[in-house]
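Q: Here is how the chains run, residue by residue.
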Amino acid sequence: MPTAYALKESNQKSLAAMYQKPKKDHRVTEGFTVKAMMKDSIVVGPSSAGSFQERPSGPTAFRKCYKRGDFPIALEHGSQGNRIAWKVEIEKLDYHHYLPLFFDGLCDTIHPYDFFARQGIHDMLEHGGMKILPVIPQLIIPIKNALNTRNKPIICITLKVLQHLVVSADMVGEALVPYYRQILPIFNIFKNVNKITTRVEEGKVADIAFKDFDELLQNRLVPKVRTHGIPVNTGDGIDYSQQKRENIGDLIQETLEIFELYGGEDAFINIKYMIPTYESCIYN
Amino acid sequence: MMSLQDIGSNGKEVQPKITSRPKQWTEEIENLYRFQQAGYRDELEYKQIKQVDGVDRWPETGYVKKLQRRDNTFYYYSRKRECEDNDVQKVKVYAY
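Note that the protein sequences, when read in sequence, are chains A and B.
Note that numbering that gives the first Met the number 0 numbers the first sequence so that position 6 is 5, with each residue one more than the last.
Note that numbering that gives the first Met the number 0 numbers the second sequence so that position 64 is 63, with each residue one more than the last.
Keep in mind that a hint or two might mislead.
Claimed, not checked - Capping the alpha-carbon separation at 27 Å, the derived lysine-lysine pairs in DSSO-like fashion look like this: (1) A:K159 <-> B:K65; (2) B:K49 <-> B:K22; (3) A:K159 <-> B:K22.
Stated by the list, open to error - Cβ-Cβ distance ranges computed for the label pairs, FRET-style: (4) A:N147 <-> B:K16: 29 to 39 Å; (5) B:S19 <-> A:H76: 26 to 36 Å; (6) B:G61 <-> A:G80: 36 to 46 Å.
Stated by the list, open to error - One-sided excerpt, in silico: chain B residues whose CB lies under 10 Å from chain A: (7) Q36; (8) Q67; (9) Y75.
Hints listed in this document are in silico derivations from the structure and should not be mistaken for laboratory results.
We put the CB at the ideal spot given by N, CA and C, even for glycine.
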């Protein structure tokens, strides 16, 4: 049987240090308190509100209905990419039932649900005509849910869908005006998100479209320097996100201008109420 | 008038031949692209197989809007151009 060896004093001290609870620094305090005014106190900033934090939506009704086979659609793989084949003519579909379900699928990020939702909405808006207008009130909640995920690709797709919706039929733009207070708050948050920059090893600044940023962070290739809402000098770099229509700030500006153009007389004042920094594209 | 399947001198049916592959996009190529996406050679074959007189087209551009495939599902096409420049050479132009 091995004999027990007494631990050296230095080892005893390091073991004790390992299992010791970290001491709370009693000088740390929040701002605007009496303690913050005292000498030697350390004032910490307020905690983050999390307005840019992504909020996943969970499985959607669109996914449930698709798995049940409720949709008259099939995926066709072609040499030019995927297409939707409709088993029933779109003109004969009940828009009140199907269009809100397709809009609900905007929150999905998994293939093939995201493709079906996007392409299905596109086809139904292209061929809907006057059937779209009565369905507008039912589309607001799915649009709001998609925007509230704060997921940048989902927001980009939703903005493009909104642009298509407004121009798809007459009076749709005006019908959306009463619902601006439900969908525009997210526009206000992301309106100035134009660029995210990173600092590479030797201290150079590289401009990368936001979808590449997360990949770099995950691979720990670059440390993070995030700028929100501050115009950054790109040097001689090229911002490809603008070309590919994935720059959120520009997409929001484009969408608001389309809202104003097709929203009638009251559109601008309602947009201005929700987004005070927006300037009219008609009156300027 | 030439029919879709003409009888040749040896008594066998003559299938239309591919005359060329286009090098540049035109509106005719765009419509041919849409028919071939749906599984038909061109408008002539579509009308013969589906027994229809006309094809649904977009009024502004004249491009094909809707086609019914052989399995009776429907393909819908955009009012704007869908045939990209790198797809033009894949389109087949048939002659009868």
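Q: All hints are to be evaluated individually against the structure, with a verdict given for each.
A: Going through the hints against the structure:
{"no.": "1", "hint": "A:K159 <-> B:K65", "verdict": "holds (23 Å)"}
{"no.": "2", "hint": "B:K49 <-> B:K22", "verdict": "violated (30 Å)"}
{"no.": "3", "hint": "A:K159 <-> B:K22", "verdict": "violated (32 Å)"}
{"no.": "4", "hint": "A:N147 <-> B:K16: 29 to 39 Å", "verdict": "violated (58 Å)"}
{"no.": "5", "hint": "B:S19 <-> A:H76: 26 to 36 Å", "verdict": "holds (28 Å)"}
{"no.": "6", "hint": "B:G61 <-> A:G80: 36 to 46 Å", "verdict": "violated (24 Å)"}
{"no.": "7", "hint": "Q36", "verdict": "holds (7 Å)"}
{"no.": "8", "hint": "Q67", "verdict": "holds (9 Å)"}
{"no.": "9", "hint": "Y75", "verdict": "holds (5 Å)"}
The structure fails hints 2, 3, 4, 6 (numbered hints given earlier, in ascending order).
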